[in-house]
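Chemist: When you get a sec, could you build the whole thing from the sequences and use the hints?
Protein sequences appear in the order of chains A and B.
The number in my numbering is simply the position in the first sequence, starting from 1, with 3 added.
The number in my numbering is simply the position in the second sequence, starting from 1, with 13 added.
Derived by calculation from the structure, the hints in this document are not laboratory data.
Note that the coordinates shown come from a computational prediction; the quantities given were computed from them, not determined experimentally.
Heads up, the beta-carbon is just placed ideally off N, CA and C, and yes, glycines get one too.
Below, simulated DSSO-like cross-link-like pairs (lysine-lysine); rule was C-alpha separation at most 30 Å, straight line:
| hint | chain 1 | residue 1 | chain 2 | residue 2 |
| --- | --- | --- | --- | --- |
| 1 | B | 126 | A | 42 |
| 2 | B | 164 | B | 126 |
| 3 | A | 76 | A | 42 |
| 4 | B | 126 | A | 75 |
| 5 | A | 42 | A | 23 |
| 6 | B | 126 | A | 76 |
| 7 | A | 42 | A | 75 |
| 8 | A | 128 | A | 22 |
| 9 | A | 22 | B | 126 |
| 10 | A | 128 | A | 75 |
| 11 | A | 75 | A | 22 |
| 12 | A | 119 | B | 126 |
| 13 | A | 119 | A | 75 |
| 14 | A | 42 | A | 128 |
| 15 | A | 22 | A | 42 |
Computed Cβ-Cβ distance ranges for the label pairs, DEER-style:
| hint | chain 1 | residue 1 | chain 2 | residue 2 | range |
| --- | --- | --- | --- | --- | --- |
| 16 | A | 131 | B | 39 | 43 to 53 Å |
| 17 | B | 44 | A | 104 | 46 to 56 Å |
| 18 | A | 81 | B | 142 | 44 to 54 Å |
| 19 | A | 98 | B | 164 | 29 to 39 Å |
| 20 | A | 63 | B | 88 | 21 to 31 Å |
| 21 | A | 128 | B | 18 | 31 to 41 Å |
| 22 | A | 76 | B | 88 | 29 to 39 Å |
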Amino acid sequence: MAFNILVADDSATMRVVIKKTVEMAGVPVGEFFEAAHGKEAMEILERNWIDVVLSDINMPVMGGMELLSEVKKNDDFRHIPVVFITTESSEARMEEARQQGAAGYIKKPFQPETIKTILYDVLEKAFQHKIEAPPQPAADADDDDGMDF
Amino acid sequence: MDEQFRQMIYDTFSEVFETMFFTFLEPIDELSGAVALSADDDYIQANISYHGPESGRFALYLPQRLARNITMNFLGVEAGEVGEAQILDTAKETANMAVGSLLGRVDPGGEAKLHIPEAYLLDDFSAQELLEQPGALLFNTDFGALWVVFKN
Chain A
4 MAFNILVADD SATMRVVIKK TVEMAGVPVG EFFEAAHGKE AMEILERNWI DVVLSDINMP
64 VMGGMELLSE VKKNDDFRHI PVVFITTESS EARMEEARQQ GAAGYIKKPF QPETIKTILY
124 DVLEKAFQHK IEAPPQPAAD ADDDDGMDF
Chain B
14 MDEQFRQMIY DTFSEVFETM FFTFLEPIDE LSGAVALSAD DDYIQANISY HGPESGRFAL
74 YLPQRLARNI TMNFLGVEAG EVGEAQILDT AKETANMAVG SLLGRVDPGG EAKLHIPEAY
134 LLDDFSAQEL LEQPGALLFN TDFGALWVVF KN
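Modeler: As structure tokens, this is what we get:
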């Protein structure tokens, strides 16, 4: 099974970095979609099948928390896991995201291994099966810069 | 600026540069030789502000060769593959990550709101003017002197 992944971040450079990191993590990807803010992400969700959203919080036009709210109140999208990749690293913001239904939270700056660990956990929970990744060199996950809920 | 806050800035900026750009920052406490360190470089300025119970504004002054190098490291590409738009975008993201990370420490309640960063090429950079700012900090890198100025 390959997953369609939507990355929402107002930094085009960060979108490229996240895409490369996900590819390096060996996540089976069908198609990558990119949005510069939450409103654009909603438009992409309307037109495409998306399996997981990786979103920044601090974006112009529509931020990540509002995007999460829009996703969770829409019957067609509410099943889609939303993982925040963000500089907003306070405990209060993480708790707010969890309560609103975020599937995970990754703090910038991040280690590639953290994205891998959390994305695999989130996808396995959402799709109820083990995801097989290609063998990779061993590396220690740094759980300090992110968590899945 | 109190010493604890200054140390937090050093720590968070160093963490961002090392983790995301594989670039090491050396804090320089003695600013007297700083003008000479910056004399030969063209600079990019990246600004970001936050407001809440505490408000403030950070300005980062990155030598263009440092900004180009961290962009290459960030994207994993060669020098010829990096354009001005990507360099400015990386400068903005640097400000966003460093100050966002700092806010996570100084504002654990998450009450402060981080604004959208901006970045642009500077026509006339003056290290001498920065020296006169009370919130100025300086880092040395392999690609020139990085200035960080905090205002509240």
